[in-house]
Structures are given as structure tokens and as C-alpha cells.
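Visitor: These are the residues of each chain, in order.
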Amino acid sequence: MAETAVSNKPLLEVKNLVKHFPITKGIIFSKQVGAVKAVDGISFTVNRGETLGLVGESGCGKTTTGRVILRLIEPTSGEVLFDGKNVPELSKEELRELRRDMQIIFQDPYASLNPRMTVADIVGEPLHIHGLAKGKEREKRVQELLDVVGLSSFHARRFPHEFSGGQRQRIGIARALAVNPKLIICDEPVSALDVSIQAQVINLLQDLQKEFGLTYLFIAHDLSVVKHISDRVAVMYLGKIVELADKDRLYANPKHPYTQALLSAIPIADPTVKKERIILKGDVPSPINPPSGCRFHTRCPYAMDICQTKEPDFVDTGDGHFVACHLHPAAAEKAH
Amino acid sequence: MNKFWRRFRRNKLAMAGLVILVLFVLSAIFAPFLTPYDPNRANLRERNQPPSKEHPFGTDDMGRDILARTLYGGRISLSVGLVSVGISLSIGVVLGAIAGYFGGFVDTLIMRLADIFYSFPFLILAITISAIFGPSIYNTMIILGVLSWPGPARLLRAEFLKLKTTDFVAAATALGARPGRIMFRHILPNAFSPLLVSATLQVASSILSEAGLSFLGLGVPPPAPSWGNMLNRARPLHVLAGMPWMWVAPGIAIFIVVLSINFVGDGLRDAFDPKQELQ
Numbered sequence: 001m002a003e004t005a006v007s008n009k010p011l012l013e014v015k016n017l018v019k020h021f022p023i024t025k026g027i028i029f030s031k032q033v034g035a036v037k038a039v040d041g042i043s044f045t046v047n048r049g050e051t052l053g054l055v056g057e058s059g060c061g062k063t064t065t066g067r068v069i070l071r072l073i074e075p076t077s078g079e080v081l082f083d084g085k086n087v088p089e090l091s092k093e094e095l096r097e098l099r100r101d102m103q104i105i106f107q108d109p110y111a112s113l114n115p116r117m118t119v120a121d122i123v124g125e126p127l128h129i130h131g132l133a134k135g136k137e138r139e140k141r142v143q144e145l146l147d148v149v150g151l152s153s154f155h156a157r158r159f160p161h162e163f164s165g166g167q168r169q170r171i172g173i174a175r176a177l178a179v180n181p182k183l184i185i186c187d188e189p190v191s192a193l194d195v196s197i198q199a200q201v202i203n204l205l206q207d208l209q210k211e212f213g214l215t216y217l218f219i220a221h222d223l224s225v226v227k228h229i230s231d232r233v234a235v236m237y238l239g240k241i242v243e244l245a246d247k248d249r250l251y252a253n254p255k256h257p258y259t260q261a262l263l264s265a266i267p268i269a270d271p272t273v274k275k276e277r278i279i280l281k282g283d284v285p286s287p288i289n290p291p292s293g294c295r296f297h298t299r300c301p302y303a304m305d306i307c308q309t310k311e312p313d314f315v316d317t318g319d320g321h322f323v324a325c326h327l328h329p330a331a332a333e334k335a336h
Numbered sequence: 001m002n003k004f005w006r007r008f009r010r011n012k013l014a015m016a017g018l019v020i021l022v023l024f025v026l027s028a029i030f031a032p033f034l035t036p037y038d039p040n041r042a043n044l045r046e047r048n049q050p051p052s053k054e055h056p057f058g059t060d061d062m063g064r065d066i067l068a069r070t071l072y073g074g075r076i077s078l079s080v081g082l083v084s085v086g087i088s089l090s091i092g093v094v095l096g097a098i099a100g101y102f103g104g105f106v107d108t109l110i111m112r113l114a115d116i117f118y119s120f121p122f123l124i125l126a127i128t129i130s131a132i133f134g135p136s137i138y139n140t141m142i143i144l145g146v147l148s149w150p151g152p153a154r155l156l157r158a159e160f161l162k163l164k165t166t167d168f169v170a171a172a173t174a175l176g177a178r179p180g181r182i183m184f185r186h187i188l189p190n191a192f193s194p195l196l197v198s199a200t201l202q203v204a205s206s207i208l209s210e211a212g213l214s215f216l217g218l219g220v221p222p223p224a225p226s227w228g229n230m231l232n233r234a235r236p237l238h239v240l241a242g243m244p245w246m247w248v249a250p251g252i253a254i255f256i257v258v259l260s261i262n263f264v265g266d267g268l269r270d271a272f273d274p275k276q277e278l279q
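If you read the sequences in order, they're chains Z and E. Here the working numbering is used: the first residue of the first sequence is 1, the next is one more, and so on. Here the working numbering is used: the first residue of the second sequence is 1, the next is one more, and so on.
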């Protein structure tokens, strides 16, 4: 009984997470003159065993979100509850313990592996750090991990530069798996790979999820990849989540004008289908000085007066379909 | 280790450098078997002799055999060069790594200290220190080592600043690696090549600095020979112009040793880099 109670709670709960990077002036007597509001108050949950896709264009704060959750970057404020523990408040030792449960796969398979270490050392390092296996046992475990991600045991003695991008990404995945994590943050894991290799790595990630009961936070900018792998999808714009819903619901019935514009930009591989594309005007505003009210109002085709002054709340419009937009009644009601 | 040696061996210049260096070291160690003369025994009847059968490299202004002095001098010059660079590297690497990795106040503190060491006139500091502790080989090594740590420290700090933002360092942090492990297992091996090159150059400049200090009577005290104080003894104009054998031997010794060390440094840098293909 107790076990089911635990597993019903979400694995990861992010509440009002904020990360502002200070901009300072002066060398010796530096003072803060502003801040890059990379992540500006976002909340979402990730349930056990599911994949939450996080999409948005470059510079919207997706990667920062992932790194702040892992505390690779210290958050400015907000809560990150992992299995009930508030990550930003953990001591160094508690955090080290927790790192066994949370792992990350990086975008760039070239930069994420130490060029001076062999594959056996890279994959075996987490085992060493956490004292999970030694000597022969570690060797055996490394072989197992390489096997799981589809590499051969003779690869263990080689260096990263001897591998292709897809193979390196597999090494990165094996390293993340070594500690038996519960959550893996996938930070655009396939966007640096060839399209043919992307599918292989995506399928590998899905197989691993089934086999080990993993939970993913899948960060990407490729909407079709996200659609393929995610259960639910969150859309980010300029440091805020504007819409979050079940995958099918979001792709079939996007409610936020930004999501609508993004989805209309997905090419369809059928020349007979004519699709209305929503072309957004202008560029993404600077996160140093974001627009007042709704951040999207400068580019929104439906912008109203209220959008310039009042920031819309992020509310549930039914069935877990959250949206932050004044166009939607639930949001409008709350505003009045 | 095996691969490392194979990569090193492929570099012909580095191998030649290593062989020459080993020969110099051996000849310095086994100097008593290579020459019958005592390097410090003056013989006023054989002053300023050009090279001959008895004295292949000639004699100096006190009638001492130049070959013997060059061989014995190698003991001092080589050990001063190596030990002082060893001291400078061990201080510089630790401080540079800490400054670069932790940043902030610690970084400012260490780098301003390095600036002070850099801006202080080297000779005045060296004179003061050796005046207090007295001139000796060991003090020369310590003075040279302690005064030259800012070089490697700055170099390493820059490398650390660059490397600590890479994804593989983030990956190690995410795995729970402690700062010491990240600094010395992940970042330092990748910062090795520029450090090694600068260390080899520093061995060369230490050998020369030792010469300068010895000339002022603050380095290796006479009559003990070092390549540096032999060169300085040959400084009078009539010696430079008319008795070249006095400076040719120690000069060429310094030249060849410094060159060999540089070749070995190059070879080491390549051998440490796993990206260098093995055929």
C-alpha cells in the first residue's frame, strides 16, 4: 500500500523556478546592472516513468532549466522537489548522494566525453565515484553497460575520438546509466546527430526507458522528435512555460498562439496537403529586458490591450491542459 | 603506458633529444671516469692553453681543464634546472588549478600574489634572499623555483577557466565527482600540453638564470664549476675574441641540452595526446 502511495506522487516537481544570470559592470568594484532572465518562474511536474518533452526556440531557457534542476547551475529561487527532497537546499554530501538518481545526457557528443580517458574509464567513473564496483566487477559492469547501449566490449579500451557521433552519444548514455538513475535529463541528445542516427538513439532511449523504468525530461527544439518520444509536452518561450499538455491534445489542439505558430511550422511530407503557416513577426525579445505583461504580446497575432499590462496566469483549462494566455476563458476569469 | 611509449618513439627528434639528454646526464654522473683531472685544481703553469692532447678542450685562466669543468658543471647546471622547475611547477600547478577552478576571491588573491611576484625585480629579490641564507646550490634552486611559479600558475589558470565550462566537466559534476577529482583527473590532463612546453622552456631559462646568479656571486659559489659561471668567467673581451675554447664548451653544452629538452617536451606533448594516430 505504502509503495503505491509513493509511486503516485510525481518524481520531479518544479515550483516557481527562477534563474537570473547577473550582468555586472566594473572589474574591482563590480555592481550588478541587470540580469539575463533565462528562467523566470516556471512550474511543472514529471511523473514516474513518463517522458516530459520541453520545447522552445534557441535561447528560451530550456538548457538552463535542465542544468538548474541538476544544480549544475545554482538556481536564483524556487523549488525543485525530487522524490520529496528539495534539491536547491541539499548539502553537498546529500547532493552527491542524490546525483545517483538524476543523470544528464548532453547535446554535444564530442564535448561531453573527456578526450584523455578511455571508454572503460568514462563509463566506469560513476561506479568508482559512488563506490559501486571495483576491479574485475567494475570491468564486468562496464561491459554490461556497453552491451546495453549497443556497443561491443572491445570498444572499452578505445578513446572517444575513435568513435562516430552516434556511438559517442551511446557512450554518454552508458555513463548516465551506470548509477541506475531514476531520472535522466536529455538535453537535446539527438540534435547534433545525423537524421538516420537520430532515430537509432531515440529508439535506444525508449527501449532503455521500458527496460529500466526510467523517467525522462526530454529537452529539444525538434517538434517531431518530441512528439515521437514524449507523453506530455511543455512549450517554453523566453524563460516561461506557455503551454503544457498531453502530447496528443497539444498537437491536435494547441491553445497558445505561440504553440500554434510552432506547430504550423512542422513540414508535412505530402506535397498535396496545403497548410496554413503562421509566420511570426520580429525576433525573440531580449531576456535581459523582456516585454511587460505577456511576453509573447510583441509577436502575437491576437494581442489585446490586457496582454501588454497583465501577465497571464498559467492555469488548467481542463484535463491537465495548462496554458498561459488571456485568450482562454479559464485564464481570463482568474484575471478579473 | 605502452601506447604512450610507442607514440613517443615515433617522434625521431624527441628520441634524439632524449638520447642526448641521457648521455649528458650519464657523463655528468660518471665524470670521474671520463677525465683524469680535478675540475677545481688550478695549475698556473698551464694557464689559457688552447685545446691539445692533454687538454682536449683547453684550459682556463687558472689552468683548470675545461673538459673536466664542463663534465662536472653539468651535474650542477642540470640539477639546478630540473629541481628549480620542479619546485616552480608544483607551486604553480596547485595555485593555478585552485585559482582557475574556484574563481572568485581565491582567484583574485592568488593572481594578485602572482602579479606581485612578477613585478618585483627578480635580481633584488634573489640578492636579498641569498644574502640572508647564503649562496649555495640548494638556495639557488629554491630561489629560482619559488620566484618563477607565476608563469605556470597563470598558464594553468587560463586552461582551467577554459576547460571548466566544458560538458565533460559538467558530466563529472553531475556524476558527483569531488572538486579534487575534477581538477586533477579531468581538467589537468587536458591542460597538459601547454604546461609541458612551458616547463621545458623554463628548464632552459633556469639554467641561464643560474648562470646570471652565479656571476653575481649569489648562485653556485666558486670554485665549483657550473656552465653558467664558466661562461661568465669567459666574459672579458680578450677571452671572447682570442680564446674561444673557454666559452665554446659550456656554451655548446647549454645549447644542446636546452634544444634536446625542447625536443623531448614536444615529443611528450604529442605522446600524451591520444588523438595522435598510431599506425
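No lab work stands behind these hints, which were simulated from the structure alone. Keep in mind that the hints are not guaranteed to be accurate.
[As the list claims (entries may be wrong)] Computed spacing ranges between beta-carbons, pair by pair:
{"id": "1", "chain 1": "E", "residue 1": "R112", "chain 2": "Z", "residue 2": "S264", "range": "53 to 61 angstroms"}
{"id": "2", "chain 1": "Z", "residue 1": "S191", "chain 2": "E", "residue 2": "F102", "range": "46 to 54 angstroms"}
{"id": "3", "chain 1": "Z", "residue 1": "D121", "chain 2": "E", "residue 2": "L13", "range": "51 to 59 angstroms"}
{"id": "4", "chain 1": "Z", "residue 1": "D121", "chain 2": "E", "residue 2": "L34", "range": "45 to 53 angstroms"}
{"id": "5", "chain 1": "Z", "residue 1": "S196", "chain 2": "E", "residue 2": "R6", "range": "52 to 60 angstroms"}
{"id": "6", "chain 1": "Z", "residue 1": "G84", "chain 2": "E", "residue 2": "V146", "range": "52 to 60 angstroms"}
{"id": "7", "chain 1": "Z", "residue 1": "K210", "chain 2": "E", "residue 2": "D270", "range": "28 to 36 angstroms"}
{"id": "8", "chain 1": "E", "residue 1": "V146", "chain 2": "Z", "residue 2": "G131", "range": "15 to 23 angstroms"}
{"id": "9", "chain 1": "Z", "residue 1": "S196", "chain 2": "E", "residue 2": "V25", "range": "43 to 51 angstroms"}
[Stated by the list, open to error] To give a feel for the contact side, a few chain Z residues facing chain E, derived at Cβ under 10 angstroms:
{"id": "10", "residue": "K92"}
{"id": "11", "residue": "I104"}
{"id": "12", "residue": "F106"}
{"id": "13", "residue": "Y302"}
Bear in mind that the values here come from a model prediction, so they are computed numbers and not experimental data. All residues carry an ideal CB built from backbone N, CA and C; glycine is no exception.
Visitor: What are the numbers of the hints that this structure violates, sorted from low to high?
Guide: 2, 3, 5, 7, 8, 9 and 13
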